[in-house]
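There are 2 protein chains.
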Amino acid sequence: MTTSLPHQADPHALDPTDGPLTVEELRLASRNHALPLEALGSDVTPAGLHYVVVHFDIPTIDAGQWRLRLGGAVRRPLELTLDAIRTRPRSTIPVTLECAGNGRALLRPRPVSQPWLLGGVGTAEWTGTPLAPLLEEAGLDADAVELVFTGADHGIQGDEEHDYARSLPVGDTSGAGVLLAYEMNGQPLPPQHGYPLRLVVPGWYGMTSVKWLTSIEAVTRPFDGFQQRVAYRRQRDAEDPGEPVSRMRVRSLLIPPGIPDFFTRRRVLRPGSTLLRGRAWSGHGTVERVEVGIDGQWLDARLHPPAGPFAWHGWSLEWDARPGDHELACRATDTTGEAQPFAQAWNHQGMANNAVQRLVVTVRG
Amino acid sequence: MTTSLPHQADPHALDPTDGPLTVEELRLASRNHALPLEALGSDVTPAGLHYVVVHFDIPTIDAGQWRLRLGGAVRRPLELTLDAIRTRPRSTIPVTLECAGNGRALLRPRPVSQPWLLGGVGTAEWTGTPLAPLLEEAGLDADAVELVFTGADHGIQGDEEHDYARSLPVGDTSGAGVLLAYEMNGQPLPPQHGYPLRLVVPGWYGMTSVKWLTSIEAVTRPFDGFQQRVAYRRQRDAEDPGEPVSRMRVRSLLIPPGIPDFFTRRRVLRPGSTLLRGRAWSGHGTVERVEVGIDGQWLDARLHPPAGPFAWHGWSLEWDARPGDHELACRATDTTGEAQPFAQAWNHQGMANNAVQRLVVTVRG
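Residue numbers (the working numbering), protein chains in the order written: chain A, 16 to 380; chain B, 16 to 380.
No lab work stands behind these hints: they were computed from the structure. The structure presented is a predicted model; accordingly, all values stated were derived computationally and were not measured. Where a beta carbon is used, it is the ideal one built from N, C-alpha and C, also for glycine. What you were told as hints is all true, and nothing was included just to trick you.
Non-contacting residues of chain B with respect to chain A, defined by C-beta distances greater than 10 Å in every case (computed):
1) Gly87
2) Pro145
3) Val160
Among chain B residues calculated to face chain A with C-beta under 10 Å, some are:
4) Gly170
5) Gln172
6) Tyr210
Only chain A is shown next, with the shape it has when bound in the complex (with noise of 0.2 Å):
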């Protein structure tokens, strides 16, 4: 017996595939925590719950020596250190965020990368200054069509070494909820989220939140840079240049009732009156509804009011359970009219997947 992991150098290895789980995939869930279904149950996910990305490692960076440069396609470029920023108009604001690749390894073929089951998502109360005023301040160039946000993550991604950057079109920067947030939940931000400052945007997948920030810049063409240009897409395969993903699909989640298996994740309950409840999201308009399924029979259960206009909604209906095995299953819809669809449309990175959750029970007599 050996402790070595087989090394996988195969250049195609980040190909779609119908094979079993790889040792990378399993370094990146490792690394990159997603939420226990059972902390749907709180309106603010505590830090340690709420899902983490990090795409290169987690950056050290000593606050005192840190500062935000404001520059590009500006009139006034700005320089201000983080005790210049706390002083600046604060909003605290909670919000839902998404990875754009939840759901990804639930896919076949199976886009293989960070590989999301379900709880890639969290929602957290940020604290923070409000980008827009910041803007004004400087002054943008009537000719500035995005910012880019540029984080101290540094790293390789696709042969192309680069530290995370990604933009936002000028028309989104303004939003209400777009914060530069230097407090999650009342507390410094923790490392992995981005300490000292990272940017917030409401309704977005997460992706566009970018951590450790170091600076925007105006720019006036779009930005092409690779988690722009080549992350971040709906393809069909890879040739296709794809589009890029945005706002957050209508989805929800339901939290696994009864007690689980340790290793199967199996869930048991016991027969009579359950309380079903979960969250329910959308990055396009509010939550209007959301449908349980259960053994394939949809009833409506009741939305109950959010912490706020870009945080989830909480769910819930009493059912009453007997003996035996059943299917549950969640669906929302938004006042788009958008509803999760039944069978995902399949992408080549498995980006914006928001179809139905399932989750077989068993109810013992």
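Assemble the complex: chain A is given as a structure, and chain B must be docked to it using the hints.
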């Protein structure tokens, strides 16, 4: 394409395997968080980066209603509120905890359970009240041999439905640093670390430090609950009753230097002076030596003082990195004379691994 996961109903699923990773292991890896190895840079691990194991679901506990019962073979049974525990003598201690299964997924054949690579470790500052004075107050009967610590997490493992519970010999319960902890790093325990109260037993593998503690029972015969009798044992095979695991074996880990590739995590460095850094700990003695292997040549690293007697040591070594591929490794020795093995002796559950970590890096000129 579908969105269903293959369900592993095979009763032999838990046998060690040379086969591919299973979806059950991925599900566990996405729930049970590892320390990203760059977080070894901090003396104290922030919540959310410290490793977490949750056997069943994270319980939701109302601390106002919660009570700790201390009973069994004692003269004066106690029932304590959280407030009562918080008004008792208070102690804050940095403690390194490691999961007994850390490194399991590196073994061949691979024991199939929570598939730890190397990140099942962390060091937090735990604040609580020492256990020993509480036991004196309750008055252990002379024939009490163990204390059984029971948590609120409830589920099924090995076909046995139970609350998670572990025992500790009476002689080990009065050790310096054995705490009933209600704070981690100066904050109330996060839900996943045992809110509102957990046991912390320095030097022992983490399964001993029972979370969501609800009762302590003095018993006059050794405890034979599932987590003691079946789990957490070093067995040759499924039939071997095996030996219980207890204290953490000497181990060291290296912070991967340079920058990573997103998917493969392969590291790339610039040539020149590079500070190799890491941590080392032992539950049996004090770490007295860390050697760093560079392409098979072993050099003594500098040992840094730990944050406390139960916390890991830092270590460092300057390396003049020359272009090419290099294999880095580290190996600790403690004051009992034990050193990490170059090849791990295998056991059925993959417990108490402490083989030398090896890492190949590329220095690019």
